[in-house]
Structure formats: C-alpha cells, structure tokens
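Student: Take a look at the letters that make up each chain.
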Amino acid sequence: MANPLLEVKGLTVSYGDVRALEDVSLEVEEGSIVALVGSNGAGKSTLLKAIAGLLHPSRGHMLFNAEELGRLSTKHRVDRGIVLVPEGRRLFQTLTVLENLRLGAYLPRARANFDESLERVFGLFPVLKERANGKAGLLSGGEQQMLAIARAVMAHPKLVMIDEASLGLSPILTRTIFELIVALNQQGTTVLMVEQNIHMALNICNRAYVMKTGNIVLSGTGEELLANVDVRKAYMGERGGKL
Amino acid sequence: MKLIPDFSRVGRRKLIWAIVAAVVVVFFATLPFYYDVSEGEFGIFFFTVFIYGIVAQGWNLVAGYTGQISLGQNAFFGLGAFTTALLWFWDITHTGYWFDPVLMVLSMVAPAIVAILVGLPLLSRLRGDYFSFGTLGIGMIISVIFLNGGRITGGSEGKLLIKVMPEGVEFNLQTHYWVSFAVAVFATAVVYFLTTSRVGLALKAIREDEVSAASHGINVLKYKIMSFAVAAALAGIAGSVYCYYLLHPMPMNVFNMNFLFLPLVMVVLGGTGTIVGPWIGALIVYLIAWYGDKFFSGWHPVILGVVMILVMLLMPSGLAGLGEKLPHWGAGGSVGRRSK
Amino acid sequence: MTSFIQVVINGIMLGSMYGIAAAGLSLIFGTMRVIYLAQGTTIVFFAFVTYWLFVKAGIDPYLCLLIVVPLAFLVGLFLFYTFFRKAAALEDKNVSLLIAVGLMYLIENAMLKVWSANPRGLDIPYADATIAGWGLRVAWVRVALLGLAVLSAFVVYLFLKRTRLGTAVRAAAEDMEATTLQGINSTWVCAISFAVGIGLAGVAGVGMATVYSFDYQFGFTFAIKALIALSLGGIGNVFGALAGGLILGVIENLTAYYISISWIEAASYGVFILVLIFLPQGLFGRREIVKKV
Numbered sequence: 001m002a003n004p005l006l007e008v009k010g011l012t013v014s015y016g017d018v019r020a021l022e023d024v025s026l027e028v029e030e031g032s033i034v035a036l037v038g039s040n041g042a043g044k045s046t047l048l049k050a051i052a053g054l055l056h057p058s059r060g061h062m063l064f065n066a067e068e069l070g071r072l073s074t075k076h077r078v079d080r081g082i083v084l085v086p087e088g089r090r091l092f093q094t095l096t097v098l099e100n101l102r103l104g105a106y107l108p109r110a111r112a113n114f115d116e117s118l119e120r121v122f123g124l125f126p127v128l129k130e131r132a133n134g135k136a137g138l139l140s141g142g143e144q145q146m147l148a149i150a151r152a153v154m155a156h157p158k159l160v161m162i163d164e165a166s167l168g169l170s171p172i173l174t175r176t177i178f179e180l181i182v183a184l185n186q187q188g189t190t191v192l193m194v195e196q197n198i199h200m201a202l203n204i205c206n207r208a209y210v211m212k213t214g215n216i217v218l219s220g221t222g223e224e225l226l227a228n229v230d231v232r233k234a235y236m237g238e239r240g241g242k243l
Numbered sequence: 244m245k246l247i248p249d250f251s252r253v254g255r256r257k258l259i260w261a262i263v264a265a266v267v268v269v270f271f272a273t274l275p276f277y278y279d280v281s282e283g284e285f286g287i288f289f290f291t292v293f294i295y296g297i298v299a300q301g302w303n304l305v306a307g308y309t310g311q312i313s314l315g316q317n318a319f320f321g322l323g324a325f326t327t328a329l330l331w332f333w334d335i336t337h338t339g340y341w342f343d344p345v346l347m348v349l350s351m352v353a354p355a356i357v358a359i360l361v362g363l364p365l366l367s368r369l370r371g372d373y374f375s376f377g378t379l380g381i382g383m384i385i386s387v388i389f390l391n392g393g394r395i396t397g398g399s400e401g402k403l404l405i406k407v408m409p410e411g412v413e414f415n416l417q418t419h420y421w422v423s424f425a426v427a428v429f430a431t432a433v434v435y436f437l438t439t440s441r442v443g444l445a446l447k448a449i450r451e452d453e454v455s456a457a458s459h460g461i462n463v464l465k466y467k468i469m470s471f472a473v474a475a476a477l478a479g480i481a482g483s484v485y486c487y488y489l490l491h492p493m494p495m496n497v498f499n500m501n502f503l504f505l506p507l508v509m510v511v512l513g514g515t516g517t518i519v520g521p522w523i524g525a526l527i528v529y530l531i532a533w534y535g536d537k538f539f540s541g542w543h544p545v546i547l548g549v550v551m552i553l554v555m556l557l558m559p560s561g562l563a564g565l566g567e568k569l570p571h572w573g574a575g576g577s578v579g580r581r582s583k
Numbered sequence: 584m585t586s587f588i589q590v591v592i593n594g595i596m597l598g599s600m601y602g603i604a605a606a607g608l609s610l611i612f613g614t615m616r617v618i619y620l621a622q623g624t625t626i627v628f629f630a631f632v633t634y635w636l637f638v639k640a641g642i643d644p645y646l647c648l649l650i651v652v653p654l655a656f657l658v659g660l661f662l663f664y665t666f667f668r669k670a671a672a673l674e675d676k677n678v679s680l681l682i683a684v685g686l687m688y689l690i691e692n693a694m695l696k697v698w699s700a701n702p703r704g705l706d707i708p709y710a711d712a713t714i715a716g717w718g719l720r721v722a723w724v725r726v727a728l729l730g731l732a733v734l735s736a737f738v739v740y741l742f743l744k745r746t747r748l749g750t751a752v753r754a755a756a757e758d759m760e761a762t763t764l765q766g767i768n769s770t771w772v773c774a775i776s777f778a779v780g781i782g783l784a785g786v787a788g789v790g791m792a793t794v795y796s797f798d799y800q801f802g803f804t805f806a807i808k809a810l811i812a813l814s815l816g817g818i819g820n821v822f823g824a825l826a827g828g829l830i831l832g833v834i835e836n837l838t839a840y841y842i843s844i845s846w847i848e849a850a851s852y853g854v855f856i857l858v859l860i861f862l863p864q865g866l867f868g869r870r871e872i873v874k875k876v
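These protein sequences, in sequence, are chains A, B and C.
Residue numbers for the first sequence, in this note's numbering: 1 to 243.
Residue numbers for the second sequence, in this note's numbering: 244 to 583.
Residue numbers for the third sequence, in this note's numbering: 584 to 876.
Just so you know, the hints here were simulated from the structure itself, not pulled from any lab data.
A portion of the hints provided could be inaccurate.
Said to hold, decoys possible - Listed below are the simulated DSSO-like cross-link pairs for lysine-lysine, each with C-alpha atoms no more than 30 Å apart in a straight line:
hint	chain 1	residue 1	chain 2	residue 2
1	A	Lys-135	C	Lys-744
2	C	Lys-669	B	Lys-537
3	A	Lys-9	A	Lys-135
4	B	Lys-447	C	Lys-639
5	A	Lys-129	A	Lys-9
6	C	Lys-639	C	Lys-696
7	A	Lys-9	A	Lys-233
8	A	Lys-75	C	Lys-669
9	A	Lys-75	C	Lys-744
10	A	Lys-129	C	Lys-639
Remember, it's a predicted structure, so these values are computed and weren't measured experimentally.
Throw the hints in and build the complete structure from the sequences for me.
Tutor: In structure tokens, the structure reads:
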C-alpha cells in the first residue's frame, strides 16, 4: 500500500497547562473521505487546527505526502495543498462572493489555476455564480457553507479539512452539503471532516475516528462504526455503552 | 494582584512583607531626623516621587484591577491642584491653614465627583480603547475649562498663591516631605484595603471576564466607577499637595501630560495590579528622570519613552511580575485584559 | 452669509488634514485593532522632515512628497516589525496602546531636543497666491491640501478595492485567522496596512508643513483630532474618515468664528465624547463592525 496522504503520529497539543490532544495518531488515504467524530471538547477542532498550522504541537509528527510538516506556517501548508474550512465558516462577510473566492486562490500556485478552479467551483455550486457580485454576508446559511467550501477548493487543495459543515443547517441542507462533499471527493480531493451529525458522516466516509477527551478511542470504516454498539449508544441516542 | 494575596495562604511570607513594609515606612517617616530634607537634594527628590507615586497608585487601581486604561489622570491631578488653589485664593472655606486639611479633602472630593459624573456615561457605554479615548477627551475638556475660566481661574496664568500665604508660615520643604509621605501611605493603604477586600475580588473578576462577573451578580458598573473615582480622588489629593509646592498653579503645569505619562510608566514598569509595583516604578522612573536630566540634559523623557516600550515588549507584567512565572503574555498581573 | 461660507470653506481645508490622519488611523485600527496614538506626533515628525528638506536642500514641499511618503512607508514597516508585530497579535490591546503612548512620548521629546520648542513654518514663495471670487478667498496651498487629502483617500480606496493585497487587508480587518487560513501571510498584511497608514501620516506631514506652523507638541492634539474625525466617520471606511475630518474642521472653524477661538478644543472634545457615547459606529460606519470591536 502506498503512503497515506496525511499521517499524524503521536500528536500532543496543549493550551497552557491544559492538554487538548494527547498522543493522537491517524491516517488519511489519498482520495478518501475520513470523518472525525466525538462529543464537544474532544479535541477534533484542535486536531484540524494543528494540521492547518494554526496551533503548534508540543510533541508528535505530521507527515503530508511523506514529508514532515514540522513547524511550517499555514501559508506553506496551504501551498502544499492542505486547506481548512473553519468551524462557523468564517467568511469575509463584507466582501463579495467573488472576492472571497479570489482570496481562496491567493497563493501563486492557486492563482495560476484560478479560471479552472472557478469553473469547477461554479460547476459544483451554481448558486455562487448567480451571487458572485453580492456580499457574502447576504447569502443564506447553506449558501455560506457552500462558499466556505468553495473558497477552500479555490486553493487547489489535495486535502480539504471541513470543520462542522452541518452546523446550523436544516437536515435537508445538510444532506445537500454532504452530497456536494461527496461530489468534491469524486473529483479527486481528499476530505477530512469533523462532524456532529455522526450518522450522516459515517454513511459517506471511508474511514472514521472517534475522539474522546483528546484521544482517539476507536477507528474503523464507516460501516464498522455504524454497526458498533458503543458508538450507537454514545452518539446516536441508544442507551448504555462504554464511550 | 501578584505579591500580596499570596500572603493569606503563606503566613510567613505575609509576615516578611509586613516587616519590610514597616521598615520602609519607619525609614521614610524618620528620614528628616537624620537627613536635611529641606536643603538636601533628596528631599525634593522623594517629595516628587511621592506625588507621582500617589497618582500612579490610583491609576494602578483602575488599570491593574479593572483593566481599564484611563488617560485622564493628569486632568484629575490638575483639578485637585486647582480646587485647592481656587478655594484658597478666594478664601471660600475661611480656613486658611498651611496644608489646609479641609482643602485637601475637598480636592479629593471634587475630582471624585467629576469622575463619577463622567464615569457614568463613559463606563456604562465604553470599553477598552474607547474608554481610554473618552477619558482623554474628558481630560482635555477639563483643562480647557480652566484655561478659559477668566478671572475665576486666572486663565493660562493660573493663580499666584504667594500673595495669599497664611500669616507666619515659612516655606519649608520638610513639611512638604512629611505631608506627601503621609498621603502616599494613605493612598497605598486605600488601594491595599480596597483590593484585598471583597471589593478587590469583584474588581479582579471584572478584569478577568466582565460578562461572567456580571452574571455572578457583581454590579460591574458600580465597581468600575468606584475604582475610577478613587483613582481620581488620589490624583486630586496629589495635585493639592503639589499646589502647596508650586504656589502658582497654571493649566500648563498642573494639567501637564507628565502627570499622565510618568505615573503610567511607573505602574507598567513596577508591575500593574500589584501594591508595591507602582512604588518600585516611581522610584526607578524618577531616578532615571533625575539622573538622566543631570547627565543627558533634556534627553530623559526619550529614555523614559524607551523604557516604557521595552517594558511593554519584554515584560508586560512589570518588575513585580518577574517573580511569577507567567505562562504567556498579558496573563495575570499584566495590564488588564479586555473582555470580549 | 459670505463670511459663513468662508468659515465653512476654511474649515474644510483645515479638516482635510484631520481627514488624512484619520484615514491612516482607520487603516491601522481596521486590521490590527490598535489605536496608534502616536499618529499625530509621527505627522509632526514628517512635517519637520519636510521643513528640513525645504530649508537645507531647497526642495519644493510638493516635491518632498516623493521623498517623504516612501520614507514614511519604510518607517511604518520599521515601526510595525519593531514594536507592534507581537503586541498586535495579543488579545490585550492595552499593550499596544501603551507602546503607542510610549512611542509618542519618545518621538515628541526627541523632536524637542533636535528641533527645539520654537514653532516652525515653511516660507513658501507662492504661499500668498489665492483664488478669489464671490467675495471668498482661499489660498492655493490650502486648496492643494484638500486635493492631497481627497487624492490620497482615493488612492487608498483603489488599493483596498482593486488590488489583491488590498482585498487581503480588508479580509484581515474582518477575520485575521480566516485570512491566515487562505494561505495569506497575515503579519505581512498587517505590516502593509500599518505602513500605508504611516505613509498617509507622511502625506499629512507634508500638508501640515505647507500650510501651518507647527511645533513638537502639536502632534498630541493632532492625534486626538484625528481620533475624533475617525470616530465621527466610523471605522473601516476611508472616505468616512475623510468626511469625519472635514466635518470636524468645519465644527472647529464655526466655533472659533461664532464663539471664541479658545473654545475650539472644548467643542471638538465635546463632539468626540457625544459621538463615542451615543453614536459609537460613527456617522458613516456600519453597525456590525462596531459590534466586533
């Protein structure tokens, strides 16, 4: 088997004295969708931020395409193809949709592919084309989430990390967003997603990791975890369970 | 609050500090018996240190314990000086003592009242930088009012008080030394007791997280205004004492930016939010100013500016904060944090 | 009526100075949430530089723009990387505020030592040239000042709206972390906006030298005026800041004419406090921007 696209080994991250992540390891195969699930405060967002280079781990390794990321800045990680869609979308509300997309393709490598990426994005999210010159802040919640993902796609990424794509969206919109994520993945982009909506996440992912208080406690394919009694009990409303 | 509150937990440390404080107080209280403060240069040196230190201690209460940066301290200082000068000049209280206690008290009351009046709108609506600029504006307005006060305030000329000196009084710096020292002890005691009491707890809660403090039933506005008013009162009494030294307060000298800037450097250098910090800072800053002026005539403000910037860049919790290990910048005893 | 219009016109000319300074403050505050209180003192510094270039090298003050503005830009980069890079990243904005206060004190007193306390003014040969009509008179140098203010606001506006870096500056003003996540070096973006802000201080410095006499202490009052203009105009809007400056200039001149010259300061600080308390988003600002502050 080839090297995974992203490999995290023994990662520990602390905020002051508080350990947010302890000895976390995971692998993301190229072309797959990997889901990261678990309750609030389990450290999922922290893990994504560390991979994006917003936080620096005190211990452990992150390998991307078998290259150590070390203390590379976010800029260099984006340049290598790692892009994070942050929790809460964090769009530039007062800027237009197009300006948001332009900022997504800020680095030279992405800019070189700007037209191509824009076409791809407008193909995936036709609504953004209609709203291209409107302010991002005036989009609906679902459209904003689409723009947030689209902005990441503009960076011409190999790995898109999506933090809570379904946050604040209706079940129907959540389904739409998930379908778009699958479509994106089928175009060849690897996806690492943190998700509250565990049932849906496990349904579309190839592999999933369950996190609890800074540790990975369980991993497996989506089907395996969907069938796992503890997972069902802890996160899908069934009673009892050890997690 | 770094050095002091640990006392309650560590009895021995508390004792040591109490002894140190007692020795320092006794030393300064008895200094005139073995050193001629009225002639020797250290008399005026310490007098000035005390004056600035009192203002600093007040600023420290607002900045260090509630996290609000007031940029209007010089106005309260000038207001205190002018309260004394005008009441004295127009003989309104008919007391007319040298270092008149009535005037000194009124010079605390007047700035405190102004602080409450302006504090109500400013502190209820403004936070962080905006509060700072509001106080800056208020300070400017106060000094402009005195500049334009015509015959009553004497305009830019101020009031010449030598003409109305009480009879039989001899200008002797020894009195200034003792009065300023007594006021310094008083100011420190006020801040100490305020911050170690329940009030101090409330202030610290406000500094750490205003919203959470409010949700725990702390009347945030009341405590902010109170500390702002106490700081104004302390600046006012310092101005009053200084007025007895100047004997000719003019807007230009009592509203001088030095009475804003120097106390500020003193506090941040010594350690914001500590009791001893402002005094360590006052001593060092004034030493720099004193000897800086001697050796590099006129350059000492530049040196102080550099000191200020270096302190903020390298040790924002000041000298008193160096004793504590800080996990990161701006924690604990540094200049207060602004709540989101 | 003619005198009223004359007073308003003079006010607009005066206010254009405040406007340029406020636009610079706005840019710096917008991206870093730092009020650069030393702005006015920095402006006076560049006025002194212009003065020197004029007196020592005989360079026409408007030509000085070509030297002073790039110099100011570099000074801005220097100031940012030396003093504000780390402090600006802190949540505790008091650190930056106090650094700016220290810087102001430092520059002001250094200028006192170097250039003494005497007020300076440039003896420009064409200072007396005026345009007149309908009973109104305006000196050309003042018209030029207004032109300079409008032009620099327009240049900054174009930079923000039409360039990639400018778009990044606007993005950073809204959300620094999200900007970083696009692969943008947000420190560099901050440095650029700081440098552009100081560049505007350079423009204002030249403008000050051409029209007014100035001394080392003038800067502090001036910074406050810029701040007032900024609060009037609302943060995050270059033309708003400029308009705020013009309004302030008019208020000041009307006060001087109809009340007394000695109440100018009280009037402008009064306006400042009223605006801070009752209209914190300014006249042209957007509410949501203030909420974030």
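Student: Now tell me if each hint is right for this structure.
Tutor: Here's how the hints hold up against the structure:
This hinted pair checks out: A:Lys-135 and C:Lys-744 have alpha carbons roughly 14 Å apart, not beyond 30 Å. A threshold of 30 Å between alpha carbons decides the hint, and for C:Lys-669 with B:Lys-537 the separation of about 35 Å lies outside it, so the pair is violated. Our distance criterion of 30 Å between C-alpha atoms is broken by A:Lys-9 and A:Lys-135, whose separation comes to about 41 Å. Note on B:Lys-447 and C:Lys-639: the hinted pairing is violated, with a Cα-Cα distance of about 56 Å set against a maximum of 30 Å.
Distance restraint check for A:Lys-129 and A:Lys-9: the Cα-Cα separation of roughly 41 Å exceeds the 30 Å cut-off, and the hinted pair is therefore not satisfied. Annotation: proposed proximity of C:Lys-639 to C:Lys-696 holds, straight-line Cα distance about 18 Å (limit 30 Å). The suggested pairing of A:Lys-9 with A:Lys-233 holds, with an alpha-carbon distance near 29 Å, which does not exceed 30 Å. Distance hint between A:Lys-75 and C:Lys-669 is fulfilled; the C-alpha atoms sit about 18 Å from each other, no more than 30 Å.
Between A:Lys-75 and C:Lys-744 the alpha-carbon distance is near 23 Å, which keeps this suggested pair within the 30 Å criterion. For the proposed pair A:Lys-129 and C:Lys-639, the alpha carbon gap of about 59 Å is over 30 Å, so the pair is violated.
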